[in-house]
Amino acid sequence: DTGVSQNPRHKITKRGQNVTFRCDPISEHNRLYWYRQTLGQGPEFLTYFQNEAQLEKSRLLSDRFSAERPKGSFSTLEIQRTEQGDSAMYLCASSLLEDRGNTIYFGEGSWLTVV
Amino acid sequence: AQSVTQLDSHVSVSEGTPVLLRCNYSSSYSPSLFWYVQHPNKGLQLLLKYTSAATLVKGINGFEAEFKKSETSFHLTKPSAHMSDAAEYFCVVRVTGFQKLVFGTGTRLLVSP
Numbered sequence: 001d002t003g004v005s006q007n008p009r010h011k012i013t014k015r016g017q018n019v020t021f022r023c024d025p026i027s028e029h030n031r032l033y034w035y036r037q038t039l040g041q042g043p044e045f046l047t048y049f050q051n052e053a054q055l056e057k058s059r060l061l062s063d064r065f066s067a068e069r070p071k072g073s074f075s076t077l078e079i080q081r082t083e084q085g086d087s088a089m090y091l092c093a094s095s096l097l098e099d100r101g102n103t104i105y106f107g108e109g110s111w112l113t114v115v
Numbered sequence: 001a002q003s004v005t006q007l008d009s010h011v012s013v014s015e016g017t018p019v020l021l022r023c024n025y026s027s028s029y030s031p032s033l034f035w036y037v038q039h040p041n042k043g044l045q046l047l048l049k050y051t052s053a054a055t056l057v058k059g060i061n062g063f064e065a066e067f068k069k070s071e072t073s074f075h076l077t078k079p080s081a082h083m084s085d086a087a088e089y090f091c092v093v094r095v096t097g098f099q100k101l102v103f104g105t106g107t108r109l110l111v112s113p
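Residue numbers (my numbering), protein chains in the order written: chain W, 1 to 115; chain H, 1 to 113.
Some hints here could point you the wrong way.
Pair ranges (Cβ atoms, derived) [claimed, not checked]:
hint : chain 1 : residue 1 : chain 2 : residue 2 : range
1    : W       : G3        : H       : G16       : 25 to 33 Å
2    : W       : E98       : H       : Q45       : 15 to 23 Å
3    : H       : E15       : W       : Q50       : 28 to 36 Å
4    : W       : E68       : H       : G16       : 45 to 53 Å
5    : H       : S30       : W       : I26       : 25 to 33 Å
6    : H       : N61       : W       : K14       : 18 to 26 Å
7    : W       : E83       : H       : T5        : 28 to 36 Å
8    : H       : R108      : W       : G101      : 25 to 33 Å
9    : H       : S80       : W       : T2        : 14 to 22 Å
10   : W       : S5        : H       : A53       : 30 to 38 Å
11   : W       : S27       : H       : S14       : 39 to 47 Å
12   : W       : G16       : H       : T17       : 48 to 56 Å
Listed below are the simulated DSS-like cross-link pairs for lysine-lysine, each with C-alpha atoms no more than 30 Å apart in a straight line [what the hints assert, rightly or not]:
hint : chain 1 : residue 1 : chain 2 : residue 2
13   : H       : K58       : H       : K69
14   : H       : K42       : W       : K57
15   : W       : K71       : H       : K68
16   : W       : K11       : H       : K68
17   : H       : K49       : H       : K68
18   : W       : K57       : W       : K14
19   : H       : K42       : W       : K11
20   : W       : K57       : W       : K71
21   : W       : K71       : W       : K11
22   : H       : K100      : H       : K49
23   : H       : K42       : W       : K14
24   : H       : K42       : H       : K58
25   : W       : K14       : H       : K69
26   : W       : K71       : H       : K42
27   : H       : K69       : H       : K100
28   : H       : K58       : W       : K11
29   : H       : K100      : H       : K68
30   : W       : K11       : W       : K57
31   : H       : K58       : H       : K100
32   : H       : K68       : H       : K58
33   : H       : K49       : H       : K69
34   : H       : K100      : H       : K42
If you're looking for bench data, these hints aren't it; they were derived computationally from the structure. By construction, the Cβ of each residue, glycine as well, lies at the ideal position given by its N, Cα and C atoms.
Pulled out of the complex, with its shape left as it was, chain W reads as follows (with noise of 0.2 Å):
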């Protein structure tokens, strides 16, 4: 499967603890975002990567939220002190810089509840 990968799938934490969810992306593509959906609603917006450069940030992302990518490749995020809120699915998408139509693809997302 060559689509966007992101691991683990599931996580189930105690509130206050810290958590850190990986996407791979598509291979070459240097564009990458992270969303988070919660039930019953369309995904939102939390950041967006071209390359390394962290370049769009939702004021959704507080400081508990930290979004890397190091090397351009693939991608962490990581929530600190965990809250019952933070419960959602964390979405990540890549697209290529180069396609015109940009169209993004997604992965299938990594489920976070918060007990």
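For chain W, the structure is supplied; the task is to place chain H on it using the hints.
Coordinates of chain H only, in the frame set by chain W:
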């Protein structure tokens, strides 16, 4: 601010009948609009996109959408529903000048035999 409004949270059709999922957009600029589909426990899949070329856009699996500036609408249609079309559908707009996508709240399509 750019946004989309999906007018129906649920749409029920019978297999073989037409599908209409409604979406209105709000944008001060010529928008880039998309429809995505999400099947249970699956990632989002792009159905089609409008980027200021032809106003009638054809997508995958027989879906199409028409961009109507006068009505600020981008409704999704399919002539004949199939059981496999049952899923959540999202109307999406890209914020002009940015990579951020703004999703609607979704329309759940139910297809009965």
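Hint-by-hint comparison with the structure:
no.	hint	result
1	G3/W - G16/H: 25 to 33 Å	holds, 31 Å
2	E98/W - Q45/H: 15 to 23 Å	holds, 22 Å
3	E15/H - Q50/W: 28 to 36 Å	violated, 44 Å
4	E68/W - G16/H: 45 to 53 Å	holds, 49 Å
5	S30/H - I26/W: 25 to 33 Å	holds, 28 Å
6	N61/H - K14/W: 18 to 26 Å	violated, 42 Å
7	E83/W - T5/H: 28 to 36 Å	holds, 30 Å
8	R108/H - G101/W: 25 to 33 Å	holds, 28 Å
9	S80/H - T2/W: 14 to 22 Å	violated, 32 Å
10	S5/W - A53/H: 30 to 38 Å	holds, 32 Å
11	S27/W - S14/H: 39 to 47 Å	holds, 42 Å
12	G16/W - T17/H: 48 to 56 Å	holds, 51 Å
13	K58/H - K69/H	holds, 17 Å
14	K42/H - K57/W	holds, 25 Å
15	K71/W - K68/H	violated, 42 Å
16	K11/W - K68/H	violated, 43 Å
17	K49/H - K68/H	holds, 14 Å
18	K57/W - K14/W	holds, 26 Å
19	K42/H - K11/W	holds, 17 Å
20	K57/W - K71/W	holds, 19 Å
21	K71/W - K11/W	holds, 25 Å
22	K100/H - K49/H	holds, 15 Å
23	K42/H - K14/W	holds, 26 Å
24	K42/H - K58/H	holds, 23 Å
25	K14/W - K69/H	violated, 48 Å
26	K71/W - K42/H	holds, 28 Å
27	K69/H - K100/H	holds, 22 Å
28	K58/H - K11/W	violated, 38 Å
29	K100/H - K68/H	holds, 23 Å
30	K11/W - K57/W	holds, 24 Å
31	K58/H - K100/H	holds, 23 Å
32	K68/H - K58/H	holds, 15 Å
33	K49/H - K69/H	holds, 15 Å
34	K100/H - K42/H	holds, 21 Å
Checked against the numbered hints listed earlier, the structure breaks hints 3, 6, 9, 15, 16, 25 and 28; every other hint is satisfied.
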